[in-house]
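Enquirer: Please build the complex by placing chain X on the supplied structure of chain U, with the hints as guidance.
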Amino acid sequence: MRWLHRLVFKLKNLAARGRKEAELAEELRAHVEMQTEANIAAGMDPGEARTAALRKLGGVEQAREYCRDEFAIQWLETLVRDVRHGVRVLRKSPGFTGVAIATLALGIGASTAVFSVVEAVLLRPLPYRSPGELVNVDFELSRAGTTNVGCSVPELDDLRERSGVFAEISMVFPMDGNLTGVAEPQRVEAMAVSPSYFRVLGIAPALGRTFGAEEESVSGWAQGCVLSHKAWMTHFGGDPHVLGRKFYMDYDTFRVVGVMPPEFRHPGRTLAAEVDVWFTGGMRAPPFAPEPVRGYRLIPGVIGRLVPGLTPAQAQEKLAAFAARTRHDFPRDYVESERWMPRASSLQDKLVGDVRGVLWLFLAAVLLVLLICCATIANLMLVRAVGRRQEMAVRSALGASRVTIVRQLVIESLLLAGAGGLGGLIVAWVLPPVLLAYAPASVPRLNALAVNGHVLGFALLASGLTGLVFGMLPALRASKFDLIPDLKAGSRTAGAEPSAQRWRSALVAAQIALSLVLLAGAGLLLRSFLSAWHTNPGFDPHQVLTGRIWLPPPSDAKARQTYHDHGNRVTLIRELERRFSALPAVQSVAIATAVPLTASSWSTPIRVDGAEADTAAVAQVTSVSPDYFRTLRISLLRGRVFTDSDDGRDPVAIINAAAAARYWPGQDPIGRRLSCGTEADAPQCTIVGVVGNAKDGPLDTPDQAHVYRPVYQDSWLALAFFVRAEGAPATLTQALRREIHGADADLPIYQVLTMEQLMARSLVRRRFMAGVVGVFAGFSLLLAGVGIYGVIALTVTQRTREIGVRIALGASRHRISAMVLNHGLTIAAIGMAAGSLGGVAATLAMREMLFQTHPLDPLTWLSIVLLLFAVAALACWLPARRASATDPMIALRSD
Amino acid sequence: MGKGKSDLLQGTLDMLILKALQLEPMHGFGLSVRLGQMSGGVFQVEMGSLYPALCRLEAQGWIKAEWGVSENNRRARFYKLTASGRKQFEAETAEWALLASTIETMLRAT
Numbered sequence: 001m002r003w004l005h006r007l008v009f010k011l012k013n014l015a016a017r018g019r020k021e022a023e024l025a026e027e028l029r030a031h032v033e034m035q036t037e038a039n040i041a042a043g044m045d046p047g048e049a050r051t052a053a054l055r056k057l058g059g060v061e062q063a064r065e066y067c068r069d070e071f072a073i074q075w076l077e078t079l080v081r082d083v084r085h086g087v088r089v090l091r092k093s094p095g096f097t098g099v100a101i102a103t104l105a106l107g108i109g110a111s112t113a114v115f116s117v118v119e120a121v122l123l124r125p126l127p128y129r130s131p132g133e134l135v136n137v138d139f140e141l142s143r144a145g146t147t148n149v150g151c152s153v154p155e156l157d158d159l160r161e162r163s164g165v166f167a168e169i170s171m172v173f174p175m176d177g178n179l180t181g182v183a184e185p186q187r188v189e190a191m192a193v194s195p196s197y198f199r200v201l202g203i204a205p206a207l208g209r210t211f212g213a214e215e216e217s218v219s220g221w222a223q224g225c226v227l228s229h230k231a232w233m234t235h236f237g238g239d240p241h242v243l244g245r246k247f248y249m250d251y252d253t254f255r256v257v258g259v260m261p262p263e264f265r266h267p268g269r270t271l272a273a274e275v276d277v278w279f280t281g282g283m284r285a286p287p288f289a290p291e292p293v294r295g296y297r298l299i300p301g302v303i304g305r306l307v308p309g310l311t312p313a314q315a316q317e318k319l320a321a322f323a324a325r326t327r328h329d330f331p332r333d334y335v336e337s338e339r340w341m342p343r344a345s346s347l348q349d350k351l352v353g354d355v356r357g358v359l360w361l362f363l364a365a366v367l368l369v370l371l372i373c374c375a376t377i378a379n380l381m382l383v384r385a386v387g388r389r390q391e392m393a394v395r396s397a398l399g400a401s402r403v404t405i406v407r408q409l410v411i412e413s414l415l416l417a418g419a420g421g422l423g424g425l426i427v428a429w430v431l432p433p434v435l436l437a438y439a440p441a442s443v444p445r446l447n448a449l450a451v452n453g454h455v456l457g458f459a460l461l462a463s464g465l466t467g468l469v470f471g472m473l474p475a476l477r478a479s480k481f482d483l484i485p486d487l488k489a490g491s492r493t494a495g496a497e498p499s500a501q502r503w504r505s506a507l508v509a510a511q512i513a514l515s516l517v518l519l520a521g522a523g524l525l526l527r528s529f530l531s532a533w534h535t536n537p538g539f540d541p542h543q544v545l546t547g548r549i550w551l552p553p554p555s556d557a558k559a560r561q562t563y564h565d566h567g568n569r570v571t572l573i574r575e576l577e578r579r580f581s582a583l584p585a586v587q588s589v590a591i592a593t594a595v596p597l598t599a600s601s602w603s604t605p606i607r608v609d610g611a612e613a614d615t616a617a618v619a620q621v622t623s624v625s626p627d628y629f630r631t632l633r634i635s636l637l638r639g640r641v642f643t644d645s646d647d648g649r650d651p652v653a654i655i656n657a658a659a660a661a662r663y664w665p666g667q668d669p670i671g672r673r674l675s676c677g678t679e680a681d682a683p684q685c686t687i688v689g690v691v692g693n694a695k696d697g698p699l700d701t702p703d704q705a706h707v708y709r710p711v712y713q714d715s716w717l718a719l720a721f722f723v724r725a726e727g728a729p730a731t732l733t734q735a736l737r738r739e740i741h742g743a744d745a746d747l748p749i750y751q752v753l754t755m756e757q758l759m760a761r762s763l764v765r766r767r768f769m770a771g772v773v774g775v776f777a778g779f780s781l782l783l784a785g786v787g788i789y790g791v792i793a794l795t796v797t798q799r800t801r802e803i804g805v806r807i808a809l810g811a812s813r814h815r816i817s818a819m820v821l822n823h824g825l826t827i828a829a830i831g832m833a834a835g836s837l838g839g840v841a842a843t844l845a846m847r848e849m850l851f852q853t854h855p856l857d858p859l860t861w862l863s864i865v866l867l868l869f870a871v872a873a874l875a876c877w878l879p880a881r882r883a884s885a886t887d888p889m890i891a892l893r894s895d
Numbered sequence: 001m002g003k004g005k006s007d008l009l010q011g012t013l014d015m016l017i018l019k020a021l022q023l024e025p026m027h028g029f030g031l032s033v034r035l036g037q038m039s040g041g042v043f044q045v046e047m048g049s050l051y052p053a054l055c056r057l058e059a060q061g062w063i064k065a066e067w068g069v070s071e072n073n074r075r076a077r078f079y080k081l082t083a084s085g086r087k088q089f090e091a092e093t094a095e096w097a098l099l100a101s102t103i104e105t106m107l108r109a110t
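If you read the protein sequences in the order shown, they are chains U and X.
If you're matching positions, the first sequence starts at 1 in the working numbering and goes up one per residue.
If you're matching positions, the second sequence starts at 1 in the working numbering and goes up one per residue.
Just chain U, same shape as in the assembly:
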């Protein structure tokens, strides 16, 4: 504690510095006078007495100094002095300071921005109560290799009551909803959940209540529902008396019982947007069977909260035992060879999923940029330090120790880093919203982005470390010198000695190496994007407008039941086709139950040629109208397309090339039969045609087996329309909307887009990845180019005399240019050699993110090497030209 006492004492004295000195002076004066009086008392005469007393003052100045030191916190004062000096020095060269701070602000800002996204998405726990206990449950037939089979009502009940793993469990069942009873029919994103849903997440409503005893007692859908904050605002105008208000969704009556807080989001997949309405029910009354069937796995997803203290791994062990028990108890429902198995995984891991890799990639890339920024500034500092050798030599000659000088230089660096860090925080504040505006919607954004403690800490750490990194090296370099030559020389030739230049060349080579790594990453991502972009979707996306319609199926028997009936659906479909075709500028019209590129078709088990059910045989199944293939220009390979008379009396199907190759390899599938679904009485369809593969999912996904059925034969509530227009398709939007409302005024239309927009959307993540890494790489290339230019230009300046001598002795100007170029390109080549090692390691690590592109893709690597050489050559060219233009007379006289 003694040091603490001293520190407090010193701090107190620091405040009362002036007073202290005056006090000491007064004390000393008093001492002298007392001595004088004592001398007089001892018999001296007054004059002599005073002289004698003053003689005794010996070394009083020393005492004063000593006391002053003892009273002051020397290091603090030195620090303040050094900082003041540093600020003065930096302000004296605004060009250098400006460039350095701007570079740092960009580097620190960009890395902090990326970190803030990483922090919000990956590092911060989910914003629910005890988020570590939350799990996602998937169901798989592990022996059959089928995942995501969903879950049946009895299975969900068993998990809740018999597994002993979950404190709470809820289904999550995203649905389309057609909202009526509000201003205009609206398509809403609805989420059917178990009454326990909000208890699983542990979130209280902002208004009213969440599901309770009332909803738990209902066997069908309950009336009580919970709104999202946004739905409350947009569909109910933020009405404060919204509780108890009734509205209709798919013609069923619902009543608002609660509103969630604005920041609440459903943790998981939705159909198209954030959830607007949560509703619940017992799933034991219409539209569901009163006695739920164990094998009817209609629930697509389940989330749960583990019993406290149970890790996901332990939970999985218990689940495996539970699954074995269940399979044993219901042998008729579980084929032992399939091995049904629920799988629990941390909800956060599940949500973040494939975004994790992308974000770590961005963080790695941006940290490389930050390193390059450090190298750039270290280089600038070296140049400056060289220019300041005379100043340092003078300071040293006046008694400053090496430590003092290093400290001064490091403080200047830290000042720069601090200013850069402040600028960086501003950049980090502005950048993430911009970044996210271009980010694909699939980035889970449950946590709001914020410049919080972690992010601030990161920025501080980044600034401090960069300051030390780029400040230490030049400082140590600059403090080692021979006094005499430096004192004599002006700044012009000081520091020309080779070791400083070697350091600078090494820094530039490092910059080039790091840029190469970034460029390689960006190049491969770009090439992946282009390969995906140039993938043939299997249809012609130009001039086609698509949109979706949801036919409401109320569960309430008294509500409007029109679209429960296949016949009524077909009537509507034919009416829409008739109305659309009558519009001017429409070439052809099609209706289907799914939209290509959006993975909206259903993955369904199929039975081929009357074979036994085989869980491994699956295909995407879509119902389409006869003009579908013509409208989308999907090529017909064999047989025929559907006609108007394919209306189910004689069931038919068309398969794509992938299905033909998979199920009838080397055979002609025309005339063969298949049925969709596992029911024994599913109709056998005769295959009448084979069409080319059209992408069902995003462009960069593999082709899947696809079965098309005529929409007049099998229809569904979710419909999509496709209109091939004569001109720009988007101009048709209003007319189409009018016609749909003309056919049925209650139908909501949503996701109206051109097929070209859909194509772009399906690759948005690839484009985003390539774009972000590309911007980082471009920035680093610029810095590397400037770095080479700086080193070469300085070399040329320092060697003016030598070059003059060479020219005077007959060296051709061409040769001089070659010499300078050679120097620069050698540095570049060394940097590239080092960088290619890192680049290979980095690109092999990102292999997973590439699409039809080898990590060592020769074209990409060659272009990058050429690009870097070109930039290096350009950066050397200016100094080389200046060198070759040296006038030997002026050069020789210059020193």
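Honestly, the hints are just simulated from the structure, not real lab data.
In this text, all values refer to a predicted model and were calculated from it rather than measured experimentally.
Glycine residues also receive a C-beta, built at the ideal position from the N, C-alpha and C atoms.
One or more of the hints may lead you astray.
[To be verified] Far from chain U, by Cβ distances over 12 Å, these chain X residues were calculated:
#1 K19
#2 E46
#3 M47
#4 L54
#5 A76
#6 K80
#7 L98
#8 L107
[To be verified] Derived list of chain U stretches under chain X, where covered just means 3 residues or more per stretch with a C-beta under 8 Å from a C-beta of chain X:
#9 23 to 30
#10 33 to 45
Expert: Frame of chain U; chain X shown alone:
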């Protein structure tokens, strides 16, 4: 240190000041007189040594200074021993005793 007078071992001055202050608070001049008296005139403490020592002791928290009035009505700073200073003095005395006896033994050894 004055010519012809014994130099004080470094650190011993601090101990002697603490000793001198043990009886009563004193001002700087008083201390220099007292130290002279205590040593029988062997030590003459000069201001250049005395005041830095006082500063040092004050910074350590072993003594405290207060302005007061001297015996002949002069404003002077009086130094006073603190509790921790008292403890420090005891520790230093014990250490000194050990040191002195050890050195004596060593010198007597033949």
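Enquirer: Determine for every hint whether it applies to the structure shown.
Expert: Going through the hints against the structure:
With a closest Cβ-Cβ approach of about 20 Å to chain U, X:K19 is found to remain outside the 12 Å limit, as its non-interface label requires. The Cβ of X:E46 does not lie farther than 12 Å from every Cβ of chain U; its closest approach is about 5 Å, which violates its non-interface assignment. Residue placement check: X:M47 does not keep its beta carbon more than 12 Å from all beta carbons of chain U (closest about 5 Å). Chain U draws X:L54 into its interface by the beta-carbon criterion, the shortest separation being 8 Å against a cut-off of 12 Å.
Listed as outside the interface, X:A76 is inconsistent with that label: its C-beta sits roughly 5 Å from the nearest C-beta of chain U, within the 12 Å cut-off. For X:K80, the non-interface assignment is confirmed: its Cβ lies about 15 Å from the closest Cβ of chain U, beyond the 12 Å cut-off. Every C-beta of chain U lies more than 12 Å from that of X:L98, the closest at about 22 Å, which supports listing it as non-interface. Residue-level check passed: X:L107 sits 32 Å from the nearest beta carbon of chain U, beyond 12 Å.
Closer than 8 Å: that is the beta-carbon criterion, and the region 23 to 30 of chain U has 6 residues meeting it against chain X, so the requirement of 3 holds. Check on the region 33 to 45 of chain U: 5 of its residues sit with their Cβ under 8 Å from a Cβ of chain X, so the three-residue criterion for coverage holds.
Hint check: violations occur at hints 2, 3, 4, 5; the rest are consistent with the structure.
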